[in-house]
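Trainee: Assemble the complex: chain U is given as a structure, and chain A must be docked to it using the hints.
Protein chains: 2
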Amino acid sequence: MAEPAPGSLKQGLREDGWFTELSTLWPGTGLSLKVDEMLFQGRSDFQDVAVVKTGAFGTVLILDGAIQCTDRDEFSYQEMIAHLPASALGRPPKRALVVGGGDGGVLRELSRHASLEEIHIAEIDGMVIDVSKKYFPQMAVGYSDPRVQVHVCDGIKFVQDSPKGQYDIIVVDSSDPVGPAEVLFQKPFFEAMHRALAPGGIVCTQAESLWYHLEIIKSLAAMCSEVFQGGAVQYAFTTIPTYPSGQIGFMVCTKAGDGKPLDAREPRQPLPAAPEGRDYPPLRYYNHEVHRAAFVLPTFARDALAGSLSQF
Amino acid sequence: MAEPAPGSLKQGLREDGWFTELSTLWPGTGLSLKVDEMLFQGRSDFQDVAVVKTGAFGTVLILDGAIQCTDRDEFSYQEMIAHLPASALGRPPKRALVVGGGDGGVLRELSRHASLEEIHIAEIDGMVIDVSKKYFPQMAVGYSDPRVQVHVCDGIKFVQDSPKGQYDIIVVDSSDPVGPAEVLFQKPFFEAMHRALAPGGIVCTQAESLWYHLEIIKSLAAMCSEVFQGGAVQYAFTTIPTYPSGQIGFMVCTKAGDGKPLDAREPRQPLPAAPEGRDYPPLRYYNHEVHRAAFVLPTFARDALAGSLSQF
Numbered sequence: 072m073a074e075p076a077p078g079s080l081k082q083g084l085r086e087d088g089w090f091t092e093l094s095t096l097w098p099g100t101g102l103s104l105k106v107d108e109m110l111f112q113g114r115s116d117f118q119d120v121a122v123v124k125t126g127a128f129g130t131v132l133i134l135d136g137a138i139q140c141t142d143r144d145e146f147s148y149q150e151m152i153a154h155l156p157a158s159a160l161g162r163p164p165k166r167a168l169v170v171g172g173g174d175g176g177v178l179r180e181l182s183r184h185a186s187l188e189e190i191h192i193a194e195i196d197g198m199v200i201d202v203s204k205k206y207f208p209q210m211a212v213g214y215s216d217p218r219v220q221v222h223v224c225d226g227i228k229f230v231q232d233s234p235k236g237q238y239d240i241i242v243v244d245s246s247d248p249v250g251p252a253e254v255l256f257q258k259p260f261f262e263a264m265h266r267a268l269a270p271g272g273i274v275c276t277q278a279e280s281l282w283y284h285l286e287i288i289k290s291l292a293a294m295c296s297e298v299f300q301g302g303a304v305q306y307a308f309t310t311i312p313t314y315p316s317g318q319i320g321f322m323v324c325t326k327a328g329d330g331k332p333l334d335a336r337e338p339r340q341p342l343p344a345a346p347e348g349r350d351y352p353p354l355r356y357y358n359h360e361v362h363r364a365a366f367v368l369p370t371f372a373r374d375a376l377a378g379s380l381s382q383f
Numbered sequence: 072m073a074e075p076a077p078g079s080l081k082q083g084l085r086e087d088g089w090f091t092e093l094s095t096l097w098p099g100t101g102l103s104l105k106v107d108e109m110l111f112q113g114r115s116d117f118q119d120v121a122v123v124k125t126g127a128f129g130t131v132l133i134l135d136g137a138i139q140c141t142d143r144d145e146f147s148y149q150e151m152i153a154h155l156p157a158s159a160l161g162r163p164p165k166r167a168l169v170v171g172g173g174d175g176g177v178l179r180e181l182s183r184h185a186s187l188e189e190i191h192i193a194e195i196d197g198m199v200i201d202v203s204k205k206y207f208p209q210m211a212v213g214y215s216d217p218r219v220q221v222h223v224c225d226g227i228k229f230v231q232d233s234p235k236g237q238y239d240i241i242v243v244d245s246s247d248p249v250g251p252a253e254v255l256f257q258k259p260f261f262e263a264m265h266r267a268l269a270p271g272g273i274v275c276t277q278a279e280s281l282w283y284h285l286e287i288i289k290s291l292a293a294m295c296s297e298v299f300q301g302g303a304v305q306y307a308f309t310t311i312p313t314y315p316s317g318q319i320g321f322m323v324c325t326k327a328g329d330g331k332p333l334d335a336r337e338p339r340q341p342l343p344a345a346p347e348g349r350d351y352p353p354l355r356y357y358n359h360e361v362h363r364a365a366f367v368l369p370t371f372a373r374d375a376l377a378g379s380l381s382q383f
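The listed protein sequences correspond, in order, to chains U and A. If you read the first sequence in our numbering, its first letter stands for residue 72, the second for the next number, and so on. If you read the second sequence in our numbering, its first letter stands for residue 72, the second for the next number, and so on.
One should not assume that every hint holds.
One copy or any two copies: either way a pair holds, since identical chains are not told apart in the list.
To be verified - Below, a list of computed lysine to any residue pairs in the SDA-like style, where the Cα atoms sit at most 25 Å apart:
#1 K81 / T91
#2 K124 / L285
#3 K105 / I287
#4 K105 / S233
#5 K289 / P341
#6 K204 / P251
#7 K235 / V298
#8 K105 / T95
#9 K81 / P98
#10 K165 / Y351
#11 K124 / Y283
#12 K81 / D107
#13 K81 / P352
#14 K105 / R85
#15 K81 / G99
#16 K289 / D142
#17 K289 / R143
#18 K105 / G88
#19 K124 / R85
#20 K165 / Q340
#21 K105 / L84
#22 K165 / V219
#23 K331 / A263
#24 K105 / D87
#25 K105 / D334
#26 K235 / P353
#27 K331 / I200
#28 K124 / F371
Because the hints were derived from the structure by calculation, they are not lab data. As the structure is a computational prediction, the values presented were derived from the model and not from experiment.
Extracted from the complex, chain U is given alone in its bound form (with noise of 0.2 Å):
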């Protein structure tokens, strides 16, 4: 079995019927699943899309041979990438900003937040939404709140588009640096969202593993320290595992406002709730102390980041 750049679900799929998830990211390693059922295959104009059935993690959305998010550990992904910046919050938020996240799951917990009055999603990948409708309908619970609306677009282009100063939180829910998400990384898309954010606003983005890309961090860590100076920048993780190396982390970028610059350590917003009425599951990673204890880094992780990351 070659290591294949990041390709289809077939590259990873053996007659057996078990699923190894192969990449450049992590050489020589990867998780692997059995594959009960097939639900769905499709190649959008983006990427590869396949949906599969596993007993070990139920439904599975696989995007160029890669894990998205499976039914069973979805949640401690969507509840940290956007509790953690709509928490951290000096105020409670108005106007949330979603780059990619098309499977809905972070529109399902920033719908928790009374006090948002719009919830905006950017996603390239129109199969993903339809697919994520179809299959996930727990994580596509998401769309169906009418604060949310849809641009199926490159969000890159959204970004620089948008009003300056328009948005309190940019969640940005993407895929791994290769491939269609490859510029979400890079500079040019951190200073548009610096601009689209409203003073003392906060980004948060997929930032990968402290166990296997600590580099691709340290580097990612410098170049949003420059787009955010006056600002901070932090680091917070999560753990999953169905993501590389059992978990991911978050790059959480504040720009500058009144003050002095926003410690996202510390949660200032109640704690989210389900929205009134609405069939919604419970919070199940996410809590107060939660969001506190993933800024706490292992040494080797602190000290490699200590020059890159915003003390406090």
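Mentor: Coordinates of chain A only, in the frame set by chain U:
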């Protein structure tokens, strides 16, 4: 590929050189590693013992088909299982016991505590010790500490035969609760450890994954709370890519001492350091903030274990 009971390396090893860690404890999923070289394969009186070379994680120890430790990430487990109890203790530890832990990594970490006068290890399988000394010198360095006394024997019997109140800390570095280590998760062993602990002493045991084994953890916590009446039972975890789900936890049980039960979330001893004049790696995972954060559980686990763990 059928789901085998715990067995040999061969059950998970394919002709293309990839190994998948299969177990009835995590059915339908498993970490896969590309094996570059088979360094050792043997059968001891107790289990299958294998050592393989991988590109992703360096040298890997596999017992009964389950990954025990790898060069690249062993420190996160060894540091946490040793320093959580040793640092939480209300006084500098003088006598420590390790049950299992034949690779020597826990010994290495305990030997960073200058106050320790005796460090005993009761490992049932001499082959694990021999293999570790040959293939994992950076862990087996722990055996070179002059305070270490090695007992190749049944850990339960060793604890039962120990004088009452003998140890400040006992670390149980066991494999999973199937096969030879099953008894290390049962009440008679915990009763024997409680008896062998000094007042205010702490047991720290390998206690599986919150994501995969919540029911096992719940039962274990309830049993421990019966045994450690008047003391405290708490749960912490560390992240580690090569254990199932990418994390593993610890049951931290404190014996009643003078005054109120000790809250193990608070480190009370100075940061462990390399023994004077020894060529030791620096601490790579543990620090006092990581100590406190390790006890913060995701909401699903916090709620499930609320009735079984001590509340402070």
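Trainee: Does each hint fit the structure? Answer for all of them.
Mentor: Hints, one by one, checked against the model:
Taking the closest pair of Cα atoms, K81 and T91 come within 25 Å of each other both inside a single copy (10 Å) and across two copies (18 Å). Proximity of K124 to L285 under the C-alpha cut-off of 25 Å is restricted to the inter-copy arrangement: shortest distance 23 Å between copies versus 32 Å within a copy. Taking the shortest alpha-carbon separations for K105 and I287, only the inter-copy value of 23 Å comes in at or below 25 Å, while the best intra-copy value is 31 Å. In the homo-oligomer, the alpha carbons of K105 and S233 never lie at most 25 Å apart, since the shortest distance is 43 Å inside one protomer and 46 Å across protomers.
In this homomeric assembly, K289 and P341 never come within 25 Å of each other (Cα to Cα): the closest approach is 32 Å inside a single copy and 29 Å across copies. Proximity of K204 to P251 under the C-alpha cut-off of 25 Å is restricted to the intra-copy arrangement: shortest distance 22 Å within a copy versus 47 Å between copies. Only within a single protomer do K235 and V298 lie at most 25 Å apart by alpha-carbon distance; the minimum there is 15 Å, versus 62 Å between protomers. Proximity of K105 to T95 under the C-alpha cut-off of 25 Å is found in both arrangements, the shortest distances being 22 Å within a copy and 13 Å between copies.
With identical chains, the CA atoms of K81 and P98 are at most 25 Å apart both within one copy (17 Å) and between copies (22 Å). Taking the shortest Cα distances, K165 and Y351 sit within 25 Å of each other inside one copy (21 Å), while across copies they are farther apart (52 Å). Proximity of K124 and Y283 under a CA criterion of 25 Å is satisfied inter-copy only: 18 Å between copies versus 27 Å inside one chain copy. When the C-alpha separation of K81 and D107 is checked against a cutoff of 25 Å, the pair qualifies both within a copy, at 15 Å, and between copies, at 24 Å.
Proximity of K81 and P352 under a CA criterion of 25 Å is satisfied in neither setting, with 33 Å inside one chain copy and 42 Å between copies. Taking the closest pair of Cα atoms, K105 and R85 come within 25 Å of each other both inside a single copy (10 Å) and across two copies (15 Å). Taking the shortest alpha-carbon separations for K81 and G99, both the intra-copy value of 18 Å and the inter-copy value of 18 Å come in at or below 25 Å. In this assembly of identical chains, the alpha carbons of K289 and D142 lie at most 25 Å apart only when taken from different copies (23 Å versus 31 Å within one copy).
Proximity of K289 and R143 under a CA criterion of 25 Å is satisfied inter-copy only: 19 Å between copies versus 30 Å inside one chain copy. In this homomeric assembly, K105 and G88 come within 25 Å of each other (Cα to Cα) both inside a single copy, at 6 Å, and across copies, at 19 Å. For the identical chains of this complex, K124 and R85 are neighbours both inside a copy (15 Å) and across copies (24 Å), given an alpha-carbon limit of 25 Å. With identical chains, the CA atoms of K165 and Q340 are at most 25 Å apart within one copy only, with a shortest distance of 12 Å there and 46 Å across copies.
In this homomeric assembly, K105 and L84 come within 25 Å of each other (Cα to Cα) both inside a single copy, at 9 Å, and across copies, at 16 Å. In this assembly of identical chains, K165 and V219 lie within 25 Å of each other by CA distance solely inside one copy; the values are 12 Å within and 61 Å between copies. For a Cα distance limit of 25 Å, the shortest separation of K331 from A263 inside one copy, 23 Å, qualifies, whereas the shortest one across copies, 55 Å, does not. With identical chains, the CA atoms of K105 and D87 are at most 25 Å apart both within one copy (9 Å) and between copies (18 Å).
When the C-alpha separation of K105 and D334 is checked against a cutoff of 25 Å, the pair qualifies neither within a copy, at 42 Å, nor between copies, at 42 Å. Proximity of K235 and P353 under a CA criterion of 25 Å is satisfied in neither setting, with 35 Å inside one chain copy and 47 Å between copies. In this assembly of identical chains, K331 and I200 lie within 25 Å of each other by CA distance neither inside one copy nor across copies; the values are 39 Å within and 55 Å between. Taking the closest pair of Cα atoms, K124 and F371 come within 25 Å of each other only across two copies (23 Å); inside a single copy the shortest separation is 37 Å, beyond that limit.
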